[in-house]
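**Student:** Work out the full structure, taking the sequences as your base and the hints as a guide.
These protein sequence lines map, in sequence, to chains H and D. Heads up: take any position in the first sequence, counting from 1, add 654, and you land on the numbering used here. Heads up: take any position in the second sequence, counting from 1, add 29, and you land on the numbering used here.
Treat the hints with caution; some may be incorrect.
[Unchecked claim] No farther apart than 27 angstroms at their CA atoms in a straight line, the calculated lysine-lysine pairs in the DSS-like style are these:
no.: 1; chain 1: D; residue 1: Lys172; chain 2: H; residue 2: Lys972
no.: 2; chain 1: H; residue 1: Lys936; chain 2: D; residue 2: Lys92
no.: 3; chain 1: H; residue 1: Lys868; chain 2: D; residue 2: Lys88
no.: 4; chain 1: H; residue 1: Lys679; chain 2: H; residue 2: Lys941
no.: 5; chain 1: D; residue 1: Lys88; chain 2: D; residue 2: Lys135
no.: 6; chain 1: H; residue 1: Lys854; chain 2: H; residue 2: Lys974
no.: 7; chain 1: D; residue 1: Lys95; chain 2: H; residue 2: Lys941
no.: 8; chain 1: D; residue 1: Lys123; chain 2: H; residue 2: Lys866
no.: 9; chain 1: D; residue 1: Lys88; chain 2: D; residue 2: Lys123
The set of hints was computed from the structure by calculation and includes no laboratory data.
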Amino acid sequence: MTFDEILDLLNGIMRTTGVFNFDPKVIVMWAIASMFIYLAIAKKFEPLLLLPIGFGIFIVNFPLVPMMGFEHGRPQLLQFFYHYGLEWEIIPCVIFLGLGAMTDFGPLIANPKTLLIGAGAQLGVFITFTGTVLAGFTLKEAASVGIIGGADGPTTVYLTTLLAPQLLGANALAAYSYMAMVPLIQPPIMRMMTSKKERKIRMRQLRPVSKKEKMLFPLVTAGIIALLVPSVTPLMGMFMFGNLMKESGVVGRLSESAQGSLMNIVTIFLGVSVGATMYADKFLSWKPLFIFGLGLIDFAVCTVGGILTVKIMNRFLKEKINPLIGSAGVSAVPMAARVSELEGLKADKSNHLLMHAMGPNLAGVIGSAAAAGMFIAMFH
Amino acid sequence: MKKYMMLLIGLTFLFPASVMAEDFLGAPVIPGGQVLLKTHSRLELSVPKGHDEVLEYYKDALKNFKDIRIRDWKQGTHIEDDGSLPWHSITIVKGGTNETKITIVKDSWTWILGTLVLRFVGVFIVLLLLFLALTAAGAIISKSVARAEAKQSAAKT
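**Tutor:** Written as structure tokens, this is what we have:
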């Protein structure tokens, strides 16, 4: 073998490595991935999702890695998860099944008025839609960006996959990031929107909710949603089915699996496959940055919408509602309710709002799903 | 020459269809139509063709457009653009076999804002109905539970 032949051989081997095909743009993506992994590990910001998303971003941004493409017509590993999990809209629905099995709707059933707060908190979703259209996005893209303010990860993923899959990475990342940042974003808005007197409003203890009511709730809700917003039944149907399993008490094993192992498995697939959609060529443009900026405004307007709804309701109610629980209407369960509790305690150390805030918090999940259903109906 | 020019201008006013552009705000316009109304935001025309033939023409003409949605309604076929084209919709009225009316409408903020407000109100209506259902169910169940408890305590005494 001559020296030239050895060099040719080495050259051939080099060409199959990532080093030879290196694109400097991926360094930016590594930085983004590292930031999310850091936030998940060091700051504990939504670690269950930001860690797999961060790793997904990291691993697909290496040249030649067989992760997110097709080989001889067969999907590669993460493409496989993405295709069957997200494109087929399975993962968000299974996550909702698990969430339903985890959720106690007692506070919402005891005070159903709070459902209206969940509707009011969708204000930002519709305002952001307008802003996004003005910026030159298509109507479908605008709807998928708007739903970020609903602070409901699975709903954002579901709607974006349906209407604007090209924005999935940016939208999911913005939704989960802002959900994690609820304790930073909401308190200043809550203080700005309420007076000291309003923050001290005490609410009557919630009535106990019977087992029968809790069992009836998922059936009634699923029925009403299926009748009025059928397009979102896959999400809400699974949510309510999970809850019925929990409340019925007769399928403990199924309920445990739904909220435990099944939920964990799909969370892994959701995280890595969402992260894997963000490769440098597609992600590095003005759109994701714009989505992040607008998502923040969206979130803030939704918070304002929830608080405003309580203030309007208080004009007609004899028993006033503490407007601090209005901010919990953005869903982000249970973080937003905890923020209401903490802000309430700052105003009055003996005024506990957590259970009261859980009502609008859960209503926010239903409200954001209803808003998503309205958008799906608009385009399908 | 001047006479011919005048004749040409006169014909232009007499037969608007003959000078109609091939598109209206970027939306294709089927040839051979008679313009019924034309403003900056709306074009209405009538063509001597059946609904299905017109629909076929539009399906073919719009096949390369990305965000087009075709809705089959009872009164007609509604072709809508969900992207960012200058036109919003093309409506092909059903009914006539030899005469079909087509309406092309400009994309407008009135439609976008109108549909958004309606949908926001729609979210309220959904949750309001749920509120009413829960209140009713809660009242009925609470009463039945209270009645059962009263029976039990009466039986004990």
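**Student:** Indicate, hint by hint, whether the structure satisfies it.
**Tutor:** Against the structure, the hints come out as follows:
1. Lys172/D - Lys972/H: Judged against 27 angstroms, a Cα distance of about 23 angstroms means the pair holds.
2. Lys936/H - Lys92/D: Holds, at roughly 26 angstroms.
3. Lys868/H - Lys88/D: This hinted pair is violated, its Cα atoms lying about 51 angstroms apart.
4. Lys679/H - Lys941/H: Answer holds: Lys679/H to Lys941/H is near 16 angstroms, not above 27 angstroms.
5. Lys88/D - Lys135/D: Answer holds: Lys88/D to Lys135/D is near 19 angstroms, not above 27 angstroms.
6. Lys854/H - Lys974/H: Given that 27 angstroms is the threshold and the Cα spacing comes to 11 angstroms, the pair holds.
7. Lys95/D - Lys941/H: Holds, at about 19 angstroms.
8. Lys123/D - Lys866/H: violated, 52 angstroms
9. Lys88/D - Lys123/D: Between Lys88/D and Lys123/D the Cα gap is close to 16 angstroms, so the pair holds against 27 angstroms.
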